[in-house]
Amino acid sequence: MTLFEPFQFEFFRNGFMVATLAGAICGLVGVYVVLRSMSYIGHGLSHSIFGGAAASAVLGVNFYLGAGMWGLLSALMIGRVARRGKIGADAAIGVITTASFALGLALSNVFGQAKRSIEAVLFGSILGVTTLEVIAVACVGVLAIVIISAFYRKLLFATFDPEVADVTGVNVGRMEALLMLMLAVTILFTMKIVGVLLISALLVTPAVIARMVTNSFARMLVIAPLVGAACGAVGMVISYHADISSGASIILLAAFVFIVVYTVTGARGRGNAGGMIH
Amino acid sequence: MTSLIELDGISHSYGGPTVLEHVHLTIDEGSFLGVIGPSGSGKTTLLRLVLGNLRPTEGVVRRRDNLRIAYVPQVETVNWNFPITVSEVVLMAAAAKWYRPRATESERKRVAELLEQLGLGGFEHRHIRELSGGQQQRVFLARALHRDPELLVLDEPTSGVDVRTRHEVVHLLTDLHRNGTSVVLSTHDINGLAAHLPMIACVNRELIAVGTPAEVLTSSVLERTYGAPMEVLEHGGMLLVTDSPMGIE
Numbered sequence: 001m002t003l004f005e006p007f008q009f010e011f012f013r014n015g016f017m018v019a020t021l022a023g024a025i026c027g028l029v030g031v032y033v034v035l036r037s038m039s040y041i042g043h044g045l046s047h048s049i050f051g052g053a054a055a056s057a058v059l060g061v062n063f064y065l066g067a068g069m070w071g072l073l074s075a076l077m078i079g080r081v082a083r084r085g086k087i088g089a090d091a092a093i094g095v096i097t098t099a100s101f102a103l104g105l106a107l108s109n110v111f112g113q114a115k116r117s118i119e120a121v122l123f124g125s126i127l128g129v130t131t132l133e134v135i136a137v138a139c140v141g142v143l144a145i146v147i148i149s150a151f152y153r154k155l156l157f158a159t160f161d162p163e164v165a166d167v168t169g170v171n172v173g174r175m176e177a178l179l180m181l182m183l184a185v186t187i188l189f190t191m192k193i194v195g196v197l198l199i200s201a202l203l204v205t206p207a208v209i210a211r212m213v214t215n216s217f218a219r220m221l222v223i224a225p226l227v228g229a230a231c232g233a234v235g236m237v238i239s240y241h242a243d244i245s246s247g248a249s250i251i252l253l254a255a256f257v258f259i260v261v262y263t264v265t266g267a268r269g270r271g272n273a274g275g276m277i278h
Numbered sequence: 001m002t003s004l005i006e007l008d009g010i011s012h013s014y015g016g017p018t019v020l021e022h023v024h025l026t027i028d029e030g031s032f033l034g035v036i037g038p039s040g041s042g043k044t045t046l047l048r049l050v051l052g053n054l055r056p057t058e059g060v061v062r063r064r065d066n067l068r069i070a071y072v073p074q075v076e077t078v079n080w081n082f083p084i085t086v087s088e089v090v091l092m093a094a095a096a097k098w099y100r101p102r103a104t105e106s107e108r109k110r111v112a113e114l115l116e117q118l119g120l121g122g123f124e125h126r127h128i129r130e131l132s133g134g135q136q137q138r139v140f141l142a143r144a145l146h147r148d149p150e151l152l153v154l155d156e157p158t159s160g161v162d163v164r165t166r167h168e169v170v171h172l173l174t175d176l177h178r179n180g181t182s183v184v185l186s187t188h189d190i191n192g193l194a195a196h197l198p199m200i201a202c203v204n205r206e207l208i209a210v211g212t213p214a215e216v217l218t219s220s221v222l223e224r225t226y227g228a229p230m231e232v233l234e235h236g237g238m239l240l241v242t243d244s245p246m247g248i249e
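As given, the protein sequences belong to chains V and D, one line each in that order. Numbered per the working numbering, the first sequence spans residues 1 to 278. Numbered per the working numbering, the second sequence spans residues 1 to 249.
Treat the hints as calculated values from the structure; they're not laboratory data. Certain hints may be false.
[What the hints assert, rightly or not] No more than 20 angstroms apart at the CA atoms, straight line, and that leaves these computed lysine to aspartate or glutamate pairs for DMTMM-like: (1) D/Lys97 <-> D/Glu150; (2) D/Lys97 <-> V/Asp166; (3) D/Lys97 <-> D/Asp65; (4) D/Lys97 <-> V/Glu163.
[Unchecked claim] Here are the in silico distance ranges between beta carbons for each label pair: (5) V/Asn109 <-> D/Gln74: 45 to 53 angstroms; (6) V/Phe63 <-> D/Asp65: 48 to 56 angstroms; (7) V/Val142 <-> D/Asn191: 52 to 60 angstroms; (8) V/Ala99 <-> D/Arg108: 45 to 53 angstroms; (9) D/Thr18 <-> V/Arg174: 27 to 35 angstroms; (10) D/Val60 <-> V/Ala255: 52 to 60 angstroms.
[Unchecked claim] Quick look at which bits of chain V chain D covers, simulated, 3 or more residues with Cβ under 8 angstroms: (11) 146–158; (12) 162–170; (13) 207–217.
This one's a predicted model, so the numbers in the text were calculated from it and none came from an experiment. C-beta atoms are modelled at their ideal positions from N, C-alpha and C, and glycine is treated no differently.
Chain D extracted, bound-state conformation (with noise of 0.2 angstroms):
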């Protein structure tokens, strides 16, 4: 399996004290990859060195050549009241190659074609803030795929969701999957998104596990990273984990 990013003993400080120590991870072609951890963990610091946007204090990250790498925030870091429409924002994939300020028309088709793949046809002129929530994360998982990425990023995807909305981004990233694209995020949602992805990895300022859900959503292994007990259930063939509060009886 060919490698696409390999963390090397990557540590990571924005000029206090680190926020990620000594991680080694590799993410290989087809991987479908979770990133959980508590908040201020270092998850949105371990894919903002992922995509590159930062640069390790020590390590190094390795990527493949010419990798094409898509990018989706957190959509609570949108500002929604920025002027701009859903094609807009789709067409500014390709805002590195184009000095052009019109869309062209080809472009035009390409935009429709993918807002119609995602379930979005005929919202090419609406402004992004009168969509409902799961349509809004559309748009720019939309815009990610514009660029047909070999590794799609996404931050906290289903970060202030409803359940509908966050059923349909899991679907959409499982067949994005199937289709090739290599997928690694971060959540907060360990019942809801992590469970269901093939490998997870747990962090906490280091990493601590790396492994199937399975392997890593142990009470042991939640406790490491949380910092606070964790139960594990099976229902139905799944895991579910809870939190079991010291005292409560």
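Pulled out of the complex, with its shape left as it was, chain V reads as follows (with noise of 0.2 angstroms):
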């Protein structure tokens, strides 16, 4: 068996191309999910879409129509409960993602027929990725560098310091609403590889390898796309080899990864890093 051997079949060069467009987008997005040290709302949003995607099965839906709408949804009452101060975003995430959860279980328990989709869902599958996929994925990523770069500098200063950010004019309230999008729809298009309960490794790993080794901004959003692009792309081909879930494999490859970043950086990385890791 050689390295390439997999690279043969249709299925795994769709899912090899998704899994490295998924690191990378995952990674890219990331760095403001952990900036805002908002780690904990991928891993609610995947959730919640859980919900949407358990929901869509069991009414005949388009999985991304239904999910999709569910969890941008769900991403947008979140930052509103949370906004209006009463409970924090950690609450307001673990009541509405995990409500949310708890309904999609409730209708694969109901609906048996529903049950093998809704396995792929939770654990991630590179069987069955069509070519279109794999071009709504990049169409994603498209989707998210050109909004990064059209409101670097208001998304910067919105996650930096959002009361000042107010006051100086910009529209904070609609950044927050475009990060959340950039994050629904990511994880969408990019959970059915990684599968909904791995998803937010992907979100928060490189993100935080990157600010390990970096005290900037601009160059952290190049470094984690890199480091996630590189965990899916080498963590499919071990996914095969291995004969293991490709999500457990990236996801593994990237807490490796982690880990090595985590030893070589020493107090300086842990230091830059901060609030994120104790």
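Quick one: dock chain against chain with the hints and give me the complex.
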């Protein structure tokens, strides 16, 4: 068996491209997620989207449309509840997304026929990734790059210092909604490969690795997608040869890279990452 | 004198007890006002109402049309681990206007001039965590000045800084005021900062008094503001406020 053997299969080539793109997109969007100390939101949103996926499967609605609308609605609700300040963002995520996840589970129990697709959503699968889906994920990547480039300064200001950004004329609510939209769309289109249960690790780990090696926000936006893409690509190859699920393989590789960088960068890296790791 | 901002009978609550009640306060062009009061008295809420970050639950805030306001938050609220350099912080001031991710040559020049003016020349590419307390405060002041504000609002500008930094901040603000910028700040530091300002407002859930230090820094006003007996002494023409704990001889 050679290293390149799996590339002779179309399903693997499609899965490989989606995993690489997914890693890059999650790395890029993850920079904002970790710097806003909202690592938990990736976890929560993916669970929320699971509810939408289950409901879509049961109702026979298109997966991307149903789960996407559900995820976006959850993200906007979290943002709105958290901004009102009566309960914190972590509590809002906990209540809204777990309720959605529970609904997904209940639906899958009642309508057993949706079980197979729900399992694929939970744990990730490279089987059945179509060329159309590769194109869709590439479009999500282009969309993320366009949004981040066009709103670079506003997103940076709203992330670093939302109160002053608001006084300075930046529409902080709109920037938050834009980030939530990017996050929901990213999770929606990439979780098929990595799975609901592991997607948050792909959002967080490359960004934290990037933070450990650089003190520059702009460089973080380059390093995190590169790390994510590399983990996605190499993880897929390992997944085939080791016969383990693609999500587990990609995330274990990302965790390994994290441990190596954590050890090599020592106190400086840990200092840079500050409140992200303890 | 033109009024920049007028708070007309404003009250505010965050959903629970009222934090500020029936405040009437006018900030005129050329003001240099210090807001004092104990912790939780509503100073920051008052500043946020002035800035427009909060809407009053009662009353009206009137702002002059097209008023340019800039805000310097408490440095203690800043995330010092955020991966950002001095010049990137200052450039944020132009964020609302620009869609271009990279700064133009003229923007870089403007940032360099501002930093030079504030004694931070050559610090453009330093991470904000690598600066001293006074330098960090000046970076955020530079970001505020980038907007060429008519009204500068500062929340506790001397909180957690040493005496030398406090002097630097006071001198900087005095120079800005002399050059035509109106300044409103909140502070816990009565002797080191508030007593040197032309006008002081005492707040404790309501506006207790507004006036010059000589009018406001009296035992009765301060006792109403802080809820504890305080003495006011005069030393070399300056007023000094000391607390006089009951029962301690």
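Worksheet item: Out of the numbered hints, which ones does the structure contradict?
Response: Hint check: nothing fails, all pass.
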